[in-house]
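**Q** In order, the protein sequences belong to chains A and B. Going by the working numbering, the first residue of the first sequence is number 1, and it counts up by one from there. Going by the working numbering, the first residue of the second sequence is number 1, and it counts up by one from there.
For the record, the hints were derived by calculation from the structure and aren't laboratory data. Keep in mind that this is a model prediction, so the values were computed, not measured. For every residue, glycine included, the Cβ atom is placed at its ideal position computed from N, Cα and C. Mixed in with the good hints there might be a few duds.
[Stated by the list, open to error] Chain A is nowhere near these chain B residues, computed Cβ spacing over 10 Å in every case:
{"#": "1", "residue": "Ala106"}
{"#": "2", "residue": "Ala110"}
{"#": "3", "residue": "Val185"}
[To be verified] In silico lysine to any residue, SDA-like type, Cα no more than 25 Å apart, as pairs:
{"#": "4", "chain 1": "A", "residue 1": "Lys135", "chain 2": "B", "residue 2": "Leu24"}
{"#": "5", "chain 1": "A", "residue 1": "Lys135", "chain 2": "B", "residue 2": "Phe31"}
{"#": "6", "chain 1": "B", "residue 1": "Lys99", "chain 2": "A", "residue 2": "Lys215"}
{"#": "7", "chain 1": "A", "residue 1": "Lys215", "chain 2": "A", "residue 2": "Leu139"}
{"#": "8", "chain 1": "B", "residue 1": "Lys263", "chain 2": "A", "residue 2": "Glu70"}
{"#": "9", "chain 1": "A", "residue 1": "Lys215", "chain 2": "B", "residue 2": "Trp35"}
{"#": "10", "chain 1": "B", "residue 1": "Lys263", "chain 2": "A", "residue 2": "Ile20"}
{"#": "11", "chain 1": "A", "residue 1": "Lys135", "chain 2": "B", "residue 2": "Lys263"}
{"#": "12", "chain 1": "B", "residue 1": "Lys99", "chain 2": "A", "residue 2": "Asp89"}
{"#": "13", "chain 1": "B", "residue 1": "Lys99", "chain 2": "A", "residue 2": "Gly296"}
{"#": "14", "chain 1": "A", "residue 1": "Lys135", "chain 2": "B", "residue 2": "Phe100"}
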Amino acid sequence: MPADGLAIRLRGVVKRYGAITAVDGLDLDVPMGSCVGLLGPNGAGKSTTMRVLTAQSIPDAGEVSVLGHELPRRSKAARAAMGVVPQLDNLDTTLTVEQNLIVFSHLYRVPKPERAAAIERVLGIANLTDRREAKVDELSGGMRRRLLIGRALIHRPPLVLLDEPTVGLDPQVRQELWALIDLLRSEGTSILMSTHYIEEAARLCDTVTIMLAGKAVAVGSPSELVAEHAGREAIEVYGSPARLQETEAEMAREGFATRRTGTSIAVLRIDDAGGRAPAGERRPANLEDVFVLLTGEEID
Amino acid sequence: MATTAATQAKEPGRLDRAALSGVLVREIINFSSYWRSTTFSSTVEPTIYLLAFGFGFGSLVATVGGYDYVDFVGTGTVATAVLFSSIFPAMFGTFVKYKFQRTYDAILAAPVDTEELVTGEALWLAMRASVYGCTPLLVAMLFGLQPSWGMLTVPFINFVAGYGWACAGISIAGFLKGIENFNYVTSAVITPLFLLAGTFFPLAGLPDWVQTLAHLNPLYHCVQLVRHAVFGFDGWVDLWNWLFLLIFGLAMWRLAIYAMQRKLID
């Protein structure tokens, strides 16, 4: 275990691509055994941060340490000790489920006597024991993603990076994967997960770092972030598009933050509003409200 | 989670065996899913060249440079088979794995460096090319080529040449932006190399400047070496041929690593 108890430690990390600064002075801690979410809109620098952690991207400035190994100098030892689940499926599609795992048992240096058991274990975790002989081509999207996650666990890594683990999947499949990630978490694996699904971060993460334009704009547990930035409650005002527009303008004059949620306007930070609060449906504030307040992004 | 990996705290060295064998195992397992088509094209193509030239030209010319024409072409085609079965799979395979399958992202996230990735893949292609390159000799033997002890060195020649060509192919895939640009390389580089190597006709009849250029062609040195392996080595000349192939292989190896590092690590 690293002396500082951190599975991942980033200090002042900067990564530029020409005129674009993808990561701009990022600090990030992942304490051993915790699940940390990197939440941010597309282009916030989440994927670049993930690439920095595997030394596929070399930062222009800053310090990176993974499981006590300084990167990029000792990146190979760091990579040997972590599992990586990429955003884009890169399984060998003409191979079977089992063959994919055999390949990774070699790439991750699982000692020969332990290989067979490691593959069985992963087949079990990914719930693919019955499909071991199936070619990846023949698997459903959810199965492929389970295999992708399982593949990253072949060497029992103490740290796992998940880059948008449920992007593009059905809600039902997504929940299945959440259960899988939650299992890892309960076993004490340290996890860094990038996502732009707020519910995912809210459910799975001990702490969340909200990223915008390469910077961490807020750090804390989901409930802390909500309390600090969005307060206890929000009010949803429903009505015709014209009415919504009216409410929006009115609330702006009153100095309230609002956001559109498709069919309604959510009026935020109303805890101390007293009589100025509009009529509408009260609901607890959530991480989505925080995200919109901090990033100015609309949620689809 | 208890861990086996985290206890291996020390940083593995460069070109370490576990990384190379990981890359090789991946290639070998993948090969089991497509070996039929690859083996077919890698062996049938040179055989067709051999038969077409051997019989087509062979009916016009009995001997070339002191060799039976079929023997001349049979030995020359070995180098062609090595070239085709290493440079093309390297070009296309590398590009597809990089761009479409994103295999390299997965491999480089594991404890494997670009240097090991390139070396492992080139070693695998060189092994394949070494075996495929022997097909024309076997076919030529069916048509009367006499077996000789020197033939046993041919797989080694093939391996060294194949390693160089595989690395050249990886470099091409590394430097070019799109797969459609491969056509330029095939037409402007590979075809002239293929023709100006003394495979189907001796270089002696060509203008001096072409002959000089041909001496810079690794395929020419491979053709020479294979021919001499079969019919008798020629001292210093073949030492130079060997040296040329080794230098070519070494230079292409470093170039391929440079090209892929540029492409894969930002």
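**Q** None of the hints should be skipped; say for each whether it holds.
**A** Cross-check of the supplied hints:
{"no.": "1", "hint": "Ala106", "result": "4 Å, violated"}
{"no.": "2", "hint": "Ala110", "result": "4 Å, violated"}
{"no.": "3", "hint": "Val185", "result": "26 Å, holds"}
{"no.": "4", "hint": "Lys135(A) - Leu24(B)", "result": "20 Å, holds"}
{"no.": "5", "hint": "Lys135(A) - Phe31(B)", "result": "15 Å, holds"}
{"no.": "6", "hint": "Lys99(B) - Lys215(A)", "result": "29 Å, violated"}
{"no.": "7", "hint": "Lys215(A) - Leu139(A)", "result": "38 Å, violated"}
{"no.": "8", "hint": "Lys263(B) - Glu70(A)", "result": "23 Å, holds"}
{"no.": "9", "hint": "Lys215(A) - Trp35(B)", "result": "49 Å, violated"}
{"no.": "10", "hint": "Lys263(B) - Ile20(A)", "result": "18 Å, holds"}
{"no.": "11", "hint": "Lys135(A) - Lys263(B)", "result": "30 Å, violated"}
{"no.": "12", "hint": "Lys99(B) - Asp89(A)", "result": "12 Å, holds"}
{"no.": "13", "hint": "Lys99(B) - Gly296(A)", "result": "34 Å, violated"}
{"no.": "14", "hint": "Lys135(A) - Phe100(B)", "result": "18 Å, holds"}
Figure legend: structure checked against the earlier numbered hints; hints not met, in rising order: 1, 2, 6, 7, 9, 11, 13.
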